[in-house]
Amino acid sequence: MTMFRPENLDDALALRAEREVLPLAGGTDVFPARAVDEAWGRPAALPLLDLSGLFELRGIAETDDGYRVGTLATWSDVIRAELPAGFDGLKQAAREVGGHQIQNRGTLVGNLCNASPAADGLPMLLLLEAEIELASRRRRRRLLLDEFVTGNRRTTLAPDELAVALHIPRPPGDVPSRFLKLGSRHYLVISIAAVAGLVALDGAGAIATARIAVGACSPVACRLTALEAALVGRHIDGGLVPLVAETVPPALSPIDDARGSADYRREAACVLVRRLLMESHSGRVAA
Amino acid sequence: MNDVSARPRLQLAVNGERHDIPAPAEERLSRILRDRLGLTGTKVGCDAGDCGACTVLVDGEQVCACLVAGGQVVGREVLTVEARDPVLDRLKESFLTRGAAQCGICTPGMLMAARALLESTPAPSRAQVEDALGGVLCRCTGYVKIVEAVLEAGTISEIPAAGEAVGGRLAKVDGAGKVAGTEAFGADRAPADALWLRVVRSPHDRARFTVGDLDGFLRAHPGLERILSVADVPGSNAHGVYPDLKDQQVLADGLVRHRGEAVLALVGAREAVEAIDVDRLPIDWRPETPALGLAAALAVRGGPVHEGHADNVLARGRLVKGDVEAGFAGAAAIAEGRVETAFVEHAYIEPEAGFAVRVDGAVPEIHITACTQSPYMDRDSVAGIMGLAPEQVRIIPTACGGGFGGKLDLSVQPLLAIAAWLTGRPVRCAWTRPESMAASPKRHPTRIRARLGVDGEGRMQAFDFEGDFDTGAYASWGPTVTGRVPVHATGPYRVAHVRNLTRGIYSNGPPAGAFRGFGVPQAAIAQEAALDAVAAELGLDRLEIRRRNALRAGDETSSGQVLSASCGLVACLDALAPGWQAMLARVDAANAAGGAIRHGAGIGCMWYGCGNTSMSNPSIMRVTLDAAGITLHSGAVDIGQGVNTILTQIVADALRLPAGAIAMVTGDTGLTADAGKTSASRQTFISGKAAELAALDLRRRILSQANAGADATLRLDGAALMVEEGELRRALPLDEIRLEGAGSFDPPTTALDADGQGVPYATYGFAAQIAEVSVDRELGTVKVHRIAAAHDVGRTVNPTQVEGQIQGGIAQGLGLALMEEYLPGRTENLHDYLIPTVGDMPEIEIHLIEDPEPLGPSGAKGIGEPALIPTAPAILGAIAHAIGAPITRVPALPHRVLETIRRAEQERAT
Ligand SMILES: Cc1cc2nc3c(=O)[nH]c(=O)nc-3n(C[C@H](O)[C@H](O)[C@H](O)COP(=O)(O)OP(=O)(O)OC[C@H]3O[C@@H](n4cnc5c(N)ncnc54)[C@H](O)[C@@H]3O)c2cc1C
Ligand code: FES
Ligand code: FES
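The listed protein sequences derive, respectively, from chains A and B. Here our numbering is used: position 19 in the first sequence is 19, and no number is missing along the way. Residues are numbered in our numbering as their position in the second sequence, beginning at 1, plus a constant of 287.
These are calculated hints, taken from the structure and not from any lab test. Every value quoted in this text rests on a predicted model; they were computed, and no experiment measured them. We put the beta carbon where it would ideally sit given N, CA and C, even for glycine. Check the hints yourself; a few may be wrong.
As the list claims (entries may be wrong) - List of simulated lysine to aspartate or glutamate pairs, EDC-like, C-alpha gap at most 20 Å:
hint, chain 1, residue 1, chain 2, residue 2
1, A, 91, B, 348
2, A, 91, B, 417
3, B, 533, B, 519
4, B, 1070, B, 1194
5, A, 91, B, 418
To be verified - Distance ranges between label pairs, derived from CB positions:
hint, chain 1, residue 1, chain 2, residue 2, range
6, B, 1194, A, 151, 56 to 62 Å
7, B, 1110, A, 45, 25 to 31 Å
8, B, 1110, A, 202, 33 to 39 Å
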């Protein structure tokens, strides 16, 4: 095993084009995966391509139409960044990733590239309609995240490509978004289910826009488009309970695992969605 | 192009010093620090970011050194626990004096995480401290004292006056090295020329296999020195903890019975060993249908696990007293408690590690330096495996980074011994986290039914208990569990008619062995649930019904033993009573408000026999006075619980000298006498007594040497021991004197008859705990808010340590109740196997009850295991109180709690 540590993107892309390498950002997914292999006697095969020397890929910056999150931006960078209320949910997600050690190293882009069904970054980024920018020697392209993450541990990243940034359009209005994570302990826990939401009301208290996404309840986190559409124009009241119960479960395809059963995930997702909607109404925070 | 790996060296700045290190750029920073710079204060518990033991600061931010490649920190500042830094120094001092380090393996990580916080936030809130420490796991302390130590870093804590050591908050005598990061654990030291050993393990739960041409493989892999297979075991390949039951294999002989069982061992240069792809070894696997879980094991799925046990039943335990049917016939109310539990992993933060050296003298010896809880047993077992006399085996325990019963069994020792013996070279190894979890013993999964009949006043009349314990592929301590549980199964109560039956069942799960409480924690869940259920039926308060039934001095236990003294359960309950009433009132008030969150209160009691069941289990201690001063020679292993400190305090008081005057030699089977295992909550009681006797003996000898009377005072004065009494002043020059005091203690017990009647233990610890929880009725999540714990410890030798044991026990009890479930192949890392973090801990209030044990040193008895036993019953009782239905399967994961709520709703509806 070896490690390459290019100092600019061109060199990195050249390396990427030349040979099979494993990109390394914060390493918080790469090294744990290696630990499992090592424990069972399977030595790592691929050389690492360390991206941490690529200063051009750092930072979170405001652009004309929104924000550019560099591929090396960590969860801690997100927590520290000055961002509009629409990013509140992303900050909440960031604060609940692992512990400080993981937040200081792990990157949003690494989280997306790793493509775990339980990745906590994806629900909020889906709802913020982020695009990922991919670069290779051949081309640069931008993809919406549902075109990028396509399955459990599957992305459309080409073998010669690197992700270089996320582009996030300015969120609508100044409405806070919200992220609710369900796990069976505090800190260092992978989501059993997670819900992200951004709900804007009109002057009369009716829902003007609703964006809601669910994580850990399908191979890839997904937006609840049927619910979102049905919510527009409605008031937040008890009538939402049957609507949620009707629209949420069909959008999900959860699995049974050590963390929870599929049935439980479906039910929990409904509860979280309901709570999120109720909170957008009252502004209160649920326990 | 900048290919760092082509350059042989890395330039790193660590603790303010520049280093030019010959390391590949992709090597983990943790490994560079430890192996290349010798900075072993940075610990490795998982190599996967899950435990935080490797936490260091990079440019002031806390990171897991195991998740950072060395090449990634070139040009950045790395700070480790070894750094000289005023903030770190304050934290170390605070950790030491407040008892925040028990075993000490998590301490460097905790210190570094705290250091990162204090740098930016000099006066943090409790919530900020918890956030900062959230990424570091501790399995010993329950985090309480760690959080306090960070909050109060920089303030001076109480330092005990010399002279009266027992009862004082003496800081850990072996604590300085733990907070400094200099203490050597199993993986921290080895001879520089040591070869590396890696075990090749079964990926299958059950399989037959044949091994092909190993010689060819060896020849094709330069740097690999040897591949050990079963043919290389010089003595007996069979081992086990009982003299008459040796069912476990050092290396599998064509058949593996659980995932993770050792098949081969690769020995050679570390790089060469680590480069080997195990899948390419010539092993031909033929997987067979495994019996996983009690139901499959009892159905003998796939055939018996061991020949000679056609029904997979390994052992049975039985206790019968009175006429249980008659007892039920006369009962006013009868109720049942049922529970199924899972494999629970010890999850000590230190994976098993050590090294062995062959020493060739007139009689060749093998010396094994490793973490362990039981040096003498290790010695004898390794001797059998090596075909050597026990005297040819020397066990040198390292500091032990947590044990809890899991390091009573052999781990790295036999293969290291064989490898060092055959190669003639020192050999070292450190298990990875997944391998530690797959190969080390677990708490037994159980299926228990307890039936209880009471009279109209709630007095227990009849108790009928059946418990099956899945002991996995090998016996380990299974028969101890099936033997201990029947004695304790009624709980700490008077019952006239009892029938307690247990079975230990072989399966293809990991071996289940000793884990804090030997099956009693699981039994207590069902038994206490039954008691809650009859209390509900009679409309009795749950604390009151326990008080009515509590064993008191003069009562007879279900094994027919009359307890003559030290039965403090009633005092424990009385201490908790006001808090219990307040808790119930709070819960009612909170529930009156309605909503999705329901509150509940629960109570659990326990008793626990200190020492081995109906077995001689002596401890021998020596205290010497010579040129080295006063030295306690103790074979009792301190696994973090603090026996070194306890013994020092006891010896100091018996000699009437300050604790600082006592030095210690510990653990090494070459230098100390057998103190028995560190298990069964026996060291304070038994070794404490032996140490007290040894010290008294030495004092007698000193006084007689000085011709002084019994009340003379002793004082160490430079190179002399001063003996003073009235006018008499005698100086005993240390370099001219050699005195030795010896003490041994074996608690009086008798054998149990066929009905389990007799005196199994000389003394029992008693305790009660109450818990307040809230349950989210829609999500099934549980939050434990408060636990109050009252423990009768006989005499508190060191309040800081007793509190630490209780807080740590509560954390493990909480884990058992709410989150811990080991599933082979699925939760074999600390990412998926969840133990409580700092954020999961409730507020804890402790009441220490002192009902002295006449046999114990200064009246003391054990606390190690009692700390954990009442916690799960109290929490589960509180959940049942909140949701109106008992939890019958633990851990009470959210989906299980929600299922229970739904089922109860349906039952109420029909
Ligand atoms: C203890 C612990 C707790 C955790 N808790 C959580 C949690 O609560 N929620 C959660 O969602 N995740 C969690 N994680 C997972 C992990 O921290 C996140 O997924 C993290 O964001 C990954 O980022 P990274 O920079 O560390 O990725 P890396 O490990 O460096 O890389 C991850 C993957 O992405 C690829 N990659 C990275 N960058 C690029 C790029 N620019 N172009 C192409 N490919 C790239 C890598 O090759 C690799 O396959 C946890 C991990 C640990 C160890
Ligand atoms: S060893 Fe690095 S987190 Fe456990
Ligand atoms: S003291 Fe924390 S793990 Fe032992």
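Hint-by-hint comparison with the structure:
| no. | hint | verdict |
| --- | --- | --- |
| 1 | 91/A to 348/B | holds, 18 Å |
| 2 | 91/A to 417/B | holds, 18 Å |
| 3 | 533/B to 519/B | holds, 18 Å |
| 4 | 1070/B to 1194/B | violated, 25 Å |
| 5 | 91/A to 418/B | holds, 15 Å |
| 6 | 1194/B to 151/A: 56 to 62 Å | violated, 41 Å |
| 7 | 1110/B to 45/A: 25 to 31 Å | holds, 28 Å |
| 8 | 1110/B to 202/A: 33 to 39 Å | violated, 49 Å |
Hint compliance for this structure: hints 4, 6 and 8 are not met, and every other hint is.
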